[in-house]
Amino acid sequence: MRYIEYTPCEALKPFIKTYYLFETDGEGLYEDTAFATGCMEVMFNMSTNKWQSLSDNQFVDHAPIELWGQVIQPLSFRTTGKSSMLGARFHAHTSSFLLEEGISLFNDHIFNLEDIMGNPVNHLHERLLNTPTLRERLLLLDQFFLNRLAKREKVSDKLQLLSAASSQIQQREGMLDVADLATRYGISSRYLHKLFVQHVGVSPKLYQKIHRFQQSLMLLHKGADSLTTIAYQAGYSDQSHFIRDFKSFTHKLPSEFSTLSATAILVSPCK
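Position one of the sequence shown corresponds to residue 2 (our numbering), numbered consecutively onward.
Keep in mind that a hint or two might mislead.
The calculated DSBU-like cross-link candidates involving lysine-lysine, where the alpha carbons are at most 30 angstroms apart (straight line), are [said to hold, decoys possible]: (1) K152 / K210; (2) K223 / K248; (3) K272 / K159; (4) K195 / K51; (5) K14 / K272; (6) K206 / K195; (7) K83 / K195; (8) K223 / K159; (9) K248 / K272; (10) K195 / K14; (11) K14 / K210; (12) K152 / K223; (13) K152 / K195; (14) K14 / K253; (15) K272 / K223; (16) K83 / K210; (17) K272 / K253; (18) K210 / K159; (19) K272 / K210; (20) K223 / K206; (21) K223 / K210; (22) K83 / K272; (23) K272 / K51; (24) K14 / K206; (25) K210 / K195; (26) K206 / K159; (27) K195 / K223; (28) K206 / K248; (29) K223 / K253; (30) K206 / K272; (31) K159 / K195; (32) K51 / K253; (33) K51 / K83.
Label pairs and their in silico Cβ distance ranges [what the hints assert, rightly or not]: (34) E257 / K195: 33 to 43 angstroms; (35) E257 / L55: 27 to 37 angstroms; (36) N131 / K195: 36 to 46 angstroms; (37) K152 / L106: 18 to 28 angstroms; (38) S227 / G103: 41 to 51 angstroms; (39) S227 / L267: 18 to 28 angstroms; (40) R3 / T184: 21 to 31 angstroms.
Simulated from the structure, these hints should not be mistaken for laboratory data.
Glycine included, every Cβ here is placed at the ideal spot set by N, Cα and C.
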């Protein structure tokens, strides 16, 4: 498996966290699990092999152009043989510039992006498939997202507020009272909750939990001394709080979790 990240153009950096290329080699089955990152993403299948994910206890085929909503519960996915996916991962609050509002509707599901955006995204996929070099493909992604951004008359004040609020949560490692955060920006806790659900897909409290979980995941991977140390450094109130939250996102205890899961570490926003 190979995973490499690429930087979008300067104008898109406030909206797109990274582009990436995800490739598998060989003839065998490749399986992994996705966990909560706080970000949505789109993926273009650049090969003929299909990807599948587990839904209602059975694996279902993905569309060639995938939209991944916020992954809150662990999501198993797989493919067979050699495959290549070109993706774009948004910042926590910015997928709404592509999809408008109502982001929470996409949570814990993988959608056919063509069903949502129609012919323009299908045309982009065709151009990507017919473009020989990665550099040119990345330029096509830049062009597509810049055109989409230009259709918005202005960057919403709501997105600017959410950018600041989500950054505060990240900088404080989840140890920030939501009511205090709302007061800082002169809005009510209820309104902040509404903005997060509309544009991020999850509440501020759940976003905090996801960020703490990702911090703990990286600390586990780096071989932190103890679960108590991880709990403290990731912003949990105590070890039992850490274990409870970790299990809610992985369905496993920290001691049962293998950080050799390549995807979980490579795509972590806390790496």
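Here's how the hints hold up against the structure:
| no. | hint | in the structure |
| --- | --- | --- |
| 1 | K152 / K210 | 34 angstroms, violated |
| 2 | K223 / K248 | 19 angstroms, holds |
| 3 | K272 / K159 | 27 angstroms, holds |
| 4 | K195 / K51 | 37 angstroms, violated |
| 5 | K14 / K272 | 18 angstroms, holds |
| 6 | K206 / K195 | 12 angstroms, holds |
| 7 | K83 / K195 | 42 angstroms, violated |
| 8 | K223 / K159 | 36 angstroms, violated |
| 9 | K248 / K272 | 20 angstroms, holds |
| 10 | K195 / K14 | 25 angstroms, holds |
| 11 | K14 / K210 | 25 angstroms, holds |
| 12 | K152 / K223 | 43 angstroms, violated |
| 13 | K152 / K195 | 24 angstroms, holds |
| 14 | K14 / K253 | 35 angstroms, violated |
| 15 | K272 / K223 | 10 angstroms, holds |
| 16 | K83 / K210 | 35 angstroms, violated |
| 17 | K272 / K253 | 21 angstroms, holds |
| 18 | K210 / K159 | 22 angstroms, holds |
| 19 | K272 / K210 | 17 angstroms, holds |
| 20 | K223 / K206 | 26 angstroms, holds |
| 21 | K223 / K210 | 20 angstroms, holds |
| 22 | K83 / K272 | 27 angstroms, holds |
| 23 | K272 / K51 | 29 angstroms, holds |
| 24 | K14 / K206 | 25 angstroms, holds |
| 25 | K210 / K195 | 17 angstroms, holds |
| 26 | K206 / K159 | 18 angstroms, holds |
| 27 | K195 / K223 | 36 angstroms, violated |
| 28 | K206 / K248 | 17 angstroms, holds |
| 29 | K223 / K253 | 18 angstroms, holds |
| 30 | K206 / K272 | 22 angstroms, holds |
| 31 | K159 / K195 | 11 angstroms, holds |
| 32 | K51 / K253 | 28 angstroms, holds |
| 33 | K51 / K83 | 10 angstroms, holds |
| 34 | E257 / K195: 33 to 43 angstroms | 37 angstroms, holds |
| 35 | E257 / L55: 27 to 37 angstroms | 19 angstroms, violated |
| 36 | N131 / K195: 36 to 46 angstroms | 43 angstroms, holds |
| 37 | K152 / L106: 18 to 28 angstroms | 21 angstroms, holds |
| 38 | S227 / G103: 41 to 51 angstroms | 42 angstroms, holds |
| 39 | S227 / L267: 18 to 28 angstroms | 25 angstroms, holds |
| 40 | R3 / T184: 21 to 31 angstroms | 46 angstroms, violated |
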